[in-house]
Amino acid sequence: MSGKPRLTYLNGRGRMESIRWLLAAAGVEFDEVYLETKEQYDKLIKDGFLLFQQVPLVEIDGMKMVQTRAIMSYIAGKYNLHGKDLKERALIDMYVEGISDLMQMILMFPFSPPDAKEKNLESIKERATNRYFPVFEKVLKQHGQDFLVGNKFSWADVQLMEAILAVEEKLPTVLSGFPQLQVFKTKMSNVPTIKKFLQPGSPRKPPPDAHYVETVLKVFKK
Amino acid sequence: MSGKPRLHYFNGRGRMEPIRWLLAAAGVEFEESFLEKKEDLTKLQKDGSLLFQQVPMVEIDGMKLVQTRAIANYISTKYNLYGKDLKERVLIDMYVEGMFDLNELFLMYIVQPADKKEEYFANMMNKAENRYFPVFEKVLKDHGKDFLVGNQLSRADVQLLEIILMVEEWKPEIFAKFPLLQSFRARLSNIPAIKKFLQPGSQRKPPSDDDVVDKVMKIFY
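Top to bottom, those sequences are chains A and B.
Quick note on numbering: our numbering labels position 23 of the first sequence as 23, and the sequence is numbered without any gaps.
In our numbering, each number is its position in the second sequence, counted from 1, plus 1000.
To be clear, the hints were calculated from the coordinates, so they are not data collected in a lab.
Values in this document were obtained by computation on a predicted structure and should not be read as measured data.
Built from N, CA and C at the ideal position, the CB exists for glycine as well.
Treat the hints with care, as some may be off.
[What the hints assert, rightly or not] Calculated lysine-lysine pairs in the DSS-like style (CA-CA distance at most 27 Å, straight line):
1. K1117/B to K221/A
2. K87/A to K1046/B
3. K152/A to K1087/B
4. K1117/B to K64/A
5. K187/A to K119/A
6. K152/A to K1084/B
7. K218/A to K1087/B
8. K119/A to K1145/B
9. K1145/B to K1087/B
10. K205/A to K43/A
11. K187/A to K141/A
12. K1064/B to K84/A
13. K64/A to K1087/B
14. K222/A to K1171/B
[What the hints assert, rightly or not] Here are the simulated distance ranges between beta carbons:
15. P1172/B to H211/A: 25 to 35 Å
16. K1196/B to P114/A: 46 to 56 Å
17. A1122/B to K84/A: 27 to 37 Å
[Said to hold, decoys possible] Footprint (simulated), chain A over chain B, 3 or more residues, beta carbon under 8 Å:
18. 1010-1020
19. 1025-1039
Hey, can you work out the whole structure from these sequences and the hints?
Have a look at this one:
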């Protein structure tokens, strides 16, 4: 027992990636267990590890935590990334929830049928450039500070950084209309814990490929 | 300006209902502005009132809060329905997130095409009966207390009651297997603020019928 949090998920981004980002940004080292077969997953369920029979699972501080938002809210609270009071927390929560809606589209994208892929990519582009990025561009412009909320690094900054990079992987010029976000991206890249996470060899996972999709379908097959 | 929170949504349950429940359970009076047609939504969007162009939106304490969970988190914390420390909070969050997942299935049920409805309904009830309710029955059994977390009323209890009552509307026989959920339901329903919300004339919304579905399609699609 190392005392470090232990993450159980597939060896890929999925719903665990945002948690990896947050732990890394908080400077917290963690171990990972990768699900590769249905049998491993069924065993976790049988052993009673998964409250709702689902992963992500994070073992931390003596608890077996499930549900992505519950886990992230805990980590953010524990490592002071959730604002200094209720009002800051509400702002952070709103921003994170909005970004999470965009990330959901990216999460589901690899599982789209081939004839829907182009349309779905177009939807991601439309939402990113018309609904989500303009909000954060405006927030940063209005207060002129480095971080989204309370002039202090928070969960919202980590989540936005992750989203920017994920969308850029699919749409490399997506930030061209967003100068504040470009500056934000550079600043976040230089936050030491994030800089470390962005280097090769970190726990950061590569974009989902065909093998990842195959593994997901295999492990979670009913 | 009454100082009361004002909820912006259509006149139906949807994603706003858990928030109505929380405010009611906390004993907080609130006002509602109902979207009746597309123009009502467009106006709110043009006014800049909706951070991500979407409802629910709740005007509270000088803020225009959006995103169901952000709103629910704020209300829960403000009115002490979110546990006493981080460990209680994460338990509440785990339970509530499971309930949100189940509620999501309920939300999507009313918009299923006719030929898919039966299968969808069966899957939805299967999840309630085999994935979610057994968890909460066991939680109550293991600690033997009246409330899910920390021996005091929290948002987890309020949301569980809401879900129980919704499933009861569809398939009451499920609860034969869950005696502790039955007694939980009876107990929670007697809490004065909740009892009041369960009475006719409260701001609790009825199950969505075809008229509501039609309206939703016109406003949002």
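Against the structure, the hints:
With a C-alpha separation of about 23 Å, the suggested pairing of K1117/B with K221/A holds against the 27 Å cut-off. A C-alpha spacing of about 25 Å is found between K87/A and K1046/B, which places the hinted pair at or below 27 Å, so the restraint holds. The suggested pairing of K152/A with K1087/B holds, with an alpha-carbon distance near 24 Å, which does not exceed 27 Å. Annotation: proposed proximity of K1117/B to K64/A is violated, straight-line Cα distance about 35 Å (limit 27 Å).
In summary, the hint linking K187/A to K119/A is not supported, as the alpha carbons are separated by about 33 Å, beyond the 27 Å threshold. Proximity of K152/A to K1084/B is assessed by CA-CA distance (about 25 Å); at most 27 Å being required, the pair is judged to hold. Between the alpha carbons of K218/A and K1087/B the distance comes to roughly 34 Å, so the proposed pair goes past 27 Å and is violated. Between K119/A and K1145/B, the direct Cα distance comes to roughly 51 Å. Violation of the 27 Å bound is thereby established for this hinted pair.
Between K1145/B and K1087/B the alpha-carbon distance is near 18 Å, which keeps this suggested pair within the 27 Å criterion. At roughly 25 Å between alpha-carbon atoms, K205/A and K43/A fall within 27 Å of each other, so this suggested pair holds. As the CA atoms of K187/A and K141/A are separated by approximately 15 Å, the hinted pair is consistent with the 27 Å bound. For the suggested pair K1064/B and K84/A, the alpha carbons sit about 19 Å apart, so the restraint of at most 27 Å is met.
Of the pairs offered as hints, the one joining K64/A and K1087/B holds, with about 12 Å between alpha carbons and a cut-off of 27 Å not exceeded. Taken as a hint, the K222/A and K1171/B pair is honoured in the structure, with Cα atoms around 24 Å apart against an allowance of 27 Å. Remark: the range hint 25 to 35 Å for P1172/B to H211/A is contradicted by a beta-carbon distance near 46 Å. The given range of 46 to 56 Å is respected by K1196/B and P114/A, whose C-beta atoms sit roughly 54 Å from each other.
Taking the beta carbon of each, A1122/B and K84/A are about 48 Å apart, not inside 27 to 37 Å as hinted. For the stretch 1010-1020 of chain B, the stated coverage by chain A is not satisfied: 0 residues place a CB nearer than 8 Å to a CB of that chain, which falls below the threshold of 3. Restraint check on the stretch 1025-1039 of chain B versus chain A: 0 residues with Cβ-Cβ distances below 8 Å, three needed, restraint violated.
Comparing the model with each earlier hint shows violations of hints 4, 5, 7, 8, 15, 17, 18 and 19; every other hint is respected.
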